[in-house]
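Chains as they are written, first to last, in my numbering: chain S, -17 to 376; chain V, 5 to 369.
It is worth saying that the hints were derived from the structure and are not from the lab. All values reported here derive from a predicted model rather than from experimental measurement. Cβ coordinates follow ideal geometry from the N, Cα and C atoms, glycine included. Please note: incorrect hints may appear among the correct ones.
[As the list claims (entries may be wrong)] Away from chain V, derived, C-beta distances all over 10 Å, residues of chain S:
1. Arg8
2. Phe24
3. Gln93
4. Asp102
5. Lys104
6. Gly123
7. Asp160
8. Glu198
9. Gly228
10. Glu273
11. Glu275
[Said to hold, decoys possible] No farther apart than 25 Å at their CA atoms in a straight line, the calculated lysine-lysine pairs in the DSS-like style are these:
12. Lys175(S) with Lys104(S)
13. Lys(-10)(S) with Lys314(V)
14. Lys204(V) with Lys38(V)
15. Lys38(V) with Lys320(S)
16. Lys334(V) with Lys235(V)
17. Lys208(S) with Lys161(S)
18. Lys50(S) with Lys(-10)(S)
19. Lys268(S) with Lys314(V)
20. Lys30(S) with Lys104(S)
Take a look at the letters that make up each chain.
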Amino acid sequence: MIDFTLSKSQQAAREYAHQVALEEMRPISLQCDQTEEIPEAFFWNMQKRFWAGAAGQARQQAEREDEKQGNVLSVISQEEMAWGDAALSTAIPGPGLAAPPILSQGTPEQQMRFLGPYMDGKLHWGALALTEPGIGSDVAGMSTTAVLDGDEWVINGHKHYITNGARADLVVTFATIDKSLGREGIRPFVVPKGTPGFNVGRIEQKMGLRASQTAELIFENCRLPKENLLSGREQSKKAGFKAAMGTLDATRPMVGALAVGIARAAYEATCEWIQEELPEGYPAQKRREIEAELEEIGQELEMARFLVWRAAWMLDRRTPNSKEASMCKAYAGGLIMKATAAAVRITAPGENSERRLLIHKWFRDAKVFDIFEGTAQIQRLVIARRLFPEVDIP
Amino acid sequence: MLNFAPTEEQEEIRNLAHSVASEQLRPRARDAEKRGDIAPELMQTLAQTGLTTPFPEAFGGSGAIEAISCTLIAEELGFGDGGLALNVIGSLMGPLAVALAGNESQQQRYIPPFCDERQGYLQRGSFAFAERTGGYTLAEINTTIQWRGEHGFINGTKRSVIHGTGSNPSVVLARQEGTAGAEGLCAVIVPAELEGMSIKRDALKLGLSAAPSASFVFENAAVPGTQVLGKPGNSGVIRAATLYQILRAAVACGMARAALEYAKDYAKDRYAFGRPIASYQGIAFMIAEMAMKLDAARLLVWKAAQSWDKGDECADYTREAESAQYQAIKIAKSATIDAIQVLGGAGFLQDHPAEMWARDAAEME
């Protein structure tokens, strides 16, 4: 039955994440952005909040409800936390983007071995390494190689734009076992921190999401035990590529949710600015115009959120969702640009209040949401390929 | 709990509506446009499906109105043909307003004729919403009703009233003098002829020609208090007005989907420089964009329909219905225009329905 109301556990997840955003993120948001550093206390607070207490309870409650809803709960929380601070939300301890490929491609033994340590009450992160200096969405051109030498895989190559790359305890790294196979030669490997031959290169300085750590990773004859290849579920040739793409089907709704959260923050701040900071003598006609513009952005926010929810809901039901995941990512990516640009423009006549500094930050944070996890153009390509399965769209 | 799938029963209704739309409405759309109305035999076929009698069973209907199901049906009808869909829905809104806002004797009088198995398909109702000074939002209803003794005096205009001539009941939305927004809205049944009321049939319309419409002018037109549906300002009036917005939005989604599917099929079969034009990103991205925006708008329409069904705070569902209507018509307009573009020169010809659909979508305002 079509239903847009959140269940109790969904509502609880939203409220809890909102509280975290309000209490832990907003107060340090500008500072972390300026210094590009996150206080250690934030990590520990997040560790406590997300691996114990109310969040743990919400998770248990969710498990008791009939249907699996991990992805729906996740996008609901992500929106709230990005409303707080998207850069900080990417730095919350946990396996992060490493989890989806381990869960979808790892054997039960591998899942235990790699994800088990995250429950030990200490600070751990995970990362996913797909992008290289020479390739982004075109994963078939991947140049990082993995060669089997006796009982060990030897990895060589460069990865970049890796979120939490320098602090991750393990990095799921995609590499090709045979370049001539194109995308079918791609496999996911789990590379633990400290493995000889695995080094962190430079940490990038960025337009936005400055508190989020973006690292370059370098693999030089990095030797891994054979058992670190994730290939448990599917033995077919396409397994590796599927893992990479399947990860995107799962992470695109999350990224869409983050974009909705930032767009909403900018939208709300602009509405509040009109209420509280509108300069004296501001023309009434112009006020009506910006209010009409904001009303439309409010509607688009709602549509973006529903697209995100739907894509996550399909994922929970194990319904193929590539098209819908790309739709929500593309739509939210467009909206975040529109909402943050409007916020900057509308509030431009005002003083540089904290509200306006946050708006400027969100504008800088926004642009990458139209780019990572597949650019706006790649999303449209994915949608089009699903709409035209019989047509070859190069 | 979040859920984006219709129930099995709703799926069945939707499938039925889809086959009626593609087998009956679509092939007869041009004919209806030229004729300026739905053919009686087509209306009879539609009536036989039971899709056009969303009234309580006590009056002989197929069950009280439920917005989600009707939204699904309306989208399918709009997919068949927007003009014919609005012809049917515009008519139904008359008795539906009576069902939602009227008292029992009004319901007894006006609803059963529509459910009559033999003659029901010949009945037409109407619901006058938009005015010369605006569009389809509650705030833009400026026609007033002022009470003097037993009579209400109506002043104002109505435009684009589907089946504005020859309908019974002909329901007119007005507001108690001195009220604004959703407050003080009244629905009044006006007779075919009334002193102080003039009706003029709309001619030379840009689109939606298959849905005949008329404009009203009221100058101190007096109606007895018994012609008001229920008590003035009752929530049933707001529910009726909001339902119309939701169904218009659903029809608009159907129109957009028709354009999307048509453009898709064309782009697959049409070759340029040795390849289907769908294989070029300039075309493929345009179609991807249509599909994405349509899905977004449809979810907004479903949300409004669900709130309407739940009977939440009426401030919520009126806002949602108006947002949904705005966004759905927006995508209907852009998708139909873009469909012409995908078809290129062929899209400009009446050999294809795209040009008619673009005119229809523009006429929704």
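Verification of the hints:
no. : hint                       : result
1   : Arg8                       : holds (27 Å)
2   : Phe24                      : holds (30 Å)
3   : Gln93                      : holds (27 Å)
4   : Asp102                     : holds (33 Å)
5   : Lys104                     : holds (34 Å)
6   : Gly123                     : holds (19 Å)
7   : Asp160                     : holds (29 Å)
8   : Glu198                     : holds (31 Å)
9   : Gly228                     : holds (21 Å)
10  : Glu273                     : holds (14 Å)
11  : Glu275                     : holds (13 Å)
12  : Lys175(S) with Lys104(S)   : holds (15 Å)
13  : Lys(-10)(S) with Lys314(V) : holds (17 Å)
14  : Lys204(V) with Lys38(V)    : holds (20 Å)
15  : Lys38(V) with Lys320(S)    : violated (43 Å)
16  : Lys334(V) with Lys235(V)   : violated (35 Å)
17  : Lys208(S) with Lys161(S)   : holds (20 Å)
18  : Lys50(S) with Lys(-10)(S)  : holds (14 Å)
19  : Lys268(S) with Lys314(V)   : violated (37 Å)
20  : Lys30(S) with Lys104(S)    : holds (9 Å)
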